[in-house]
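> Sequence:
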Amino acid sequence: MATVTQTDTRLETFELRSSPSPMRNVLDDTEPPHSSKPSTGELLKILSAGFSFFVAGVNDGSIGALVPHIIRDYNVTTAIVSSVYGANFMGWFLGAFSNTHLCQVFDLGSMLTLGAVLQVIAHALRSWKPPFPLFTITFWLASLGQAYQDTHGNTYVSGVKGSHRWLAFIHAMYMAGCLVGPFVATGVASAGSTSRWYLFYTFPLGIGVLNVAFVVYAFWDTLRLKRKQPPTERTLEADESPASRNDDAFSLIKETLKNKNVWLISLFFFFFLGATLTASGWVVEYLVEVRNGDINQMGFVPAGFSGGSLLGRLFLAEPTHRFGVRPMIFAFTILSIGLQVLFWL
1 MATVTQTDTR
11 LETFELRSSP
21 SPMRNVLDDT
31 EPPHSSKPST
41 GELLKILSAG
51 FSFFVAGVND
61 GSIGALVPHI
71 IRDYNVTTAI
81 VSSVYGANFM
91 GWFLGAFSNT
101 HLCQVFDLGS
111 MLTLGAVLQV
121 IAHALRSWKP
131 PFPLFTITFW
141 LASLGQAYQD
151 THGNTYVSGV
161 KGSHRWLAFI
171 HAMYMAGCLV
181 GPFVATGVAS
191 AGSTSRWYLF
201 YTFPLGIGVL
211 NVAFVVYAFW
221 DTLRLKRKQP
231 PTERTLEADE
241 SPASRNDDAF
251 SLIKETLKNK
261 NVWLISLFFF
271 FFLGATLTAS
281 GWVVEYLVEV
291 RNGDINQMGF
301 VPAGFSGGSL
311 LGRLFLAEPT
321 HRFGVRPMIF
331 AFTILSIGLQ
341 VLFWL
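Going by full-length UniProt numbering, 218 is the number at position 218 of the sequence shown; the sequence numbering is gapless.
Quick caveat, the hints were computed from the structure, so don't treat them as lab data.
Careful, some of the hints might be misleading.
[Said to hold, decoys possible] Capping the alpha-carbon separation at 27 Å, the derived lysine-lysine pairs in BS3-like fashion look like this:
id: 1; residue 1: K254; residue 2: K226
id: 2; residue 1: K37; residue 2: K161
id: 3; residue 1: K226; residue 2: K161
Modelling step: build the complete structure from the supplied sequences, incorporating the hints.
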């Protein structure tokens, strides 16, 4: 989650072909050119996107606190439990390649609702301690749902006036979820003489249902199948059959993969998010096994990382926008490396 650079971005940046964008038309119709504030409808959509990021953050931020309990309750090794991260990756991977195809059929609200529903299903399956293989599959479902909501939430907010501030807000909401997750997860897992850590997932299940309701209400105007575009020179030569839609999707994917910046940004986030999720996901087990920490107390440690990230996303968006993304990211990276080395020592 949370992988879009927080800068003002015109929606044309995301357009891979010259056909009109339905979402762009919605934005143009609802916001006067001279206004710097979002309309009521846009603000509701931004809040919905922010809440969906919060729900995703609760899921992602809690896994590190629960890993020691999962290992001991399922009686599996660290190598086996790491399969949940593999399932997580496969969900995002499938989301990346299926998104373009689904966007040929489903409008914005439908895609966001689909993502929210998939996460609810995942949390419902986890809340009764399913067999470990099924438990692993739920991470694939949750990450697939997050991929759809993350992609379309980011894209919508990036088209709003003053987008760097609103992007900072929704990404801060993600870290707020990551901050709340460890506290709730550790509290539930450490309650009683026998840990029933899986009951924690009733919490993301509940807010996940609210997420579905919020998305449906806020994006009701696009909760539908895509409307057929008016006849053009292109559509006169090819009908709107499923085969032609798939051809469109594949052509968009190919065009995207030809963009050098896509590969550079993807490589950056591969290392950035890989390091972030690995550190926050395994630090609790490391502190329990290597540093002999109390399993009922170490689960709170990832909250410190999430709290710092929350403050950074709230207060560093503006200076980053003013001084430039590249130099600021370089400075942040150097600071992060130094602090990571300090933690190891």
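> The structure should be examined with respect to each hint, and the outcome stated for every one.
A quick look at each hint next to the structure:
no.: 1; hint: K254 - K226; in the structure: holds, 22 Å
no.: 2; hint: K37 - K161; in the structure: holds, 7 Å
no.: 3; hint: K226 - K161; in the structure: holds, 25 Å
The structure is consistent with each of the numbered hints, conforming to all of them.
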